[in-house]
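**Student:** Sequential numbering from 1 applies to the sequence shown in my numbering.
Calculated from the structure, these hints are not laboratory results.
Be aware that one or more of the hints could be misleading.
Unchecked claim - Simulated crosslink set (SDA-like; lysine to any residue; CA at most 25 Å straight-line):
no.: 1; residue 1: Lys98; residue 2: Ser48
no.: 2; residue 1: Lys300; residue 2: Cys265
no.: 3; residue 1: Lys325; residue 2: Thr349
no.: 4; residue 1: Lys148; residue 2: Cys265
no.: 5; residue 1: Lys300; residue 2: Pro136
no.: 6; residue 1: Lys325; residue 2: Leu254
no.: 7; residue 1: Lys148; residue 2: Leu227
no.: 8; residue 1: Lys148; residue 2: Phe234
no.: 9; residue 1: Lys300; residue 2: Arg140
no.: 10; residue 1: Lys300; residue 2: Tyr270
no.: 11; residue 1: Lys148; residue 2: Asp119
no.: 12; residue 1: Lys300; residue 2: Lys148
no.: 13; residue 1: Lys325; residue 2: Glu366
Unchecked claim - With beta-carbon atoms standing in for the labels, derived distance ranges:
no.: 14; residue 1: Met46; residue 2: Pro17; range: 23 to 29 Å
no.: 15; residue 1: Glu376; residue 2: Asp44; range: 47 to 53 Å
no.: 16; residue 1: Leu68; residue 2: Glu262; range: 22 to 28 Å
no.: 17; residue 1: Ala360; residue 2: Arg57; range: 40 to 46 Å
no.: 18; residue 1: Leu68; residue 2: Pro290; range: 36 to 42 Å
no.: 19; residue 1: Pro166; residue 2: Leu68; range: 43 to 49 Å
no.: 20; residue 1: Ala333; residue 2: Met42; range: 41 to 47 Å
no.: 21; residue 1: Arg352; residue 2: Glu237; range: 29 to 35 Å
no.: 22; residue 1: Ala141; residue 2: Tyr55; range: 41 to 47 Å
Cβ atoms here follow ideal geometry from the backbone N, Cα and C, with glycine treated the same way.
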Amino acid sequence: MTDYRPETRTVHVPQVPVEGSHPITVPIYQTSGFVFDDPAVMADAMGSPSGPFVYGRYTNPTVRSLELAVAGLEGGAAAIATGSGMGAINTVLLGLLKPGDHLIAQRSLYGGTAAMISDLVGRFGIDVTYVPENDPAALRAARRPETKLVYLETISNPMTLVADLPAMCAAARELGLLTVVDNTFATALLCRPIEHGADIVVHSTTKYLSGHTDVVGGLAVFADTGLYERVWHFAIELGAAADPFAAWLVLRGLQTLALRMERHCANAEYLATRLAGHPAVTAVHWPGLPSHPSYELARKLLPGFGGVFSFDLAGGRAAGEHFMKSVRLALLAPSLGGVETLVLHPATTSHRSLTAEELAANGIGEGTVRIAVGIEHPEDLWADVSQALA
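Just need the whole structure built from these sequences, with the hints factored in.
**Tutor:** Take a look at the structure:
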């Protein structure tokens, strides 16, 4: 570059190749595109998910590291990282459904997913039938000639109902349907839906995978490369790609996932058990409790029962508002899966798009509070919760 003038040399800075060693952590490739020597190679790369890196909307070395890591954990063949969890869900559903198709979904769903499905129905003419998450007979009965997908959540948000993945995935496969499973609440450490027959697993990497409440991201894992390539071509058109720095933050969090999940689950058990005996609480919805409708299924499928649960307060909406205003250590905030404990009121936040009838059908009441349990000391958490209930 010594032959060029300063104005040019400030633009074309030297790049140092790493030879004879390699970095301990995955580098952040904060670049929008990649340089080629051969126009034909560049042209081929534009149409292949497995070719050279070409453009950030397609993928990126940092993003690909995240995709490979989570696909490996889930037992999948490939993955697509996106800019948010809803970005992953939209990429999959919009990439595989067309007007006139029919979708079967479990009744108890995350509010954002339920709103998105309602939008598919209203704007794109895609019909939906809701069935219980543990009823393969209902799934078979709902199937039509135009049915394409079954959508499930390993552990539902916020009532923590556990889907009977072996039975539901088997029924879907028997009917020639693809199964998509949201595994955000469980992560691959508690459940690997592909091992139970799922075709696609989606995550909000914002939650447990990143674990530090500092990134927004999503990811879709595919059981086979053919399905992955089919969705990948739509994904680059949709433009829901993950940012490399966000992907790097998720990779950083992923390294402590096992340690954090153990503590999340243990703390949730401690709080759920004590809340179940509190006079101000009428019900606790955590699958690790014998009173929970998914308890027996959860014991068979999951080595741990997750770090999120909800509970109903005897005083209804007023009691819920009082509780959330009174916590001191727990934080009133959206999201979950971070190291800190968060609380929210599902009826007016995460599930605000549902009608009163839909909320009731999902068991979400005016006094229902969701708590995403962090990794603080359990006695400190209980002291905070119990004083807020007083």
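**Student:** Against each hint, give a clear statement of whether it holds in the structure.
**Tutor:** Against the structure, the hints:
| no. | hint | in the structure |
| --- | --- | --- |
| 1 | Lys98 to Ser48 | 23 Å, holds |
| 2 | Lys300 to Cys265 | 16 Å, holds |
| 3 | Lys325 to Thr349 | 15 Å, holds |
| 4 | Lys148 to Cys265 | 35 Å, violated |
| 5 | Lys300 to Pro136 | 17 Å, holds |
| 6 | Lys325 to Leu254 | 32 Å, violated |
| 7 | Lys148 to Leu227 | 13 Å, holds |
| 8 | Lys148 to Phe234 | 17 Å, holds |
| 9 | Lys300 to Arg140 | 23 Å, holds |
| 10 | Lys300 to Tyr270 | 21 Å, holds |
| 11 | Lys148 to Asp119 | 17 Å, holds |
| 12 | Lys300 to Lys148 | 29 Å, violated |
| 13 | Lys325 to Glu366 | 15 Å, holds |
| 14 | Met46 to Pro17: 23 to 29 Å | 25 Å, holds |
| 15 | Glu376 to Asp44: 47 to 53 Å | 52 Å, holds |
| 16 | Leu68 to Glu262: 22 to 28 Å | 24 Å, holds |
| 17 | Ala360 to Arg57: 40 to 46 Å | 42 Å, holds |
| 18 | Leu68 to Pro290: 36 to 42 Å | 40 Å, holds |
| 19 | Pro166 to Leu68: 43 to 49 Å | 27 Å, violated |
| 20 | Ala333 to Met42: 41 to 47 Å | 45 Å, holds |
| 21 | Arg352 to Glu237: 29 to 35 Å | 30 Å, holds |
| 22 | Ala141 to Tyr55: 41 to 47 Å | 46 Å, holds |
Hints 4, 6, 12, 19 from the list above are not met by this structure, while the remaining hints are.
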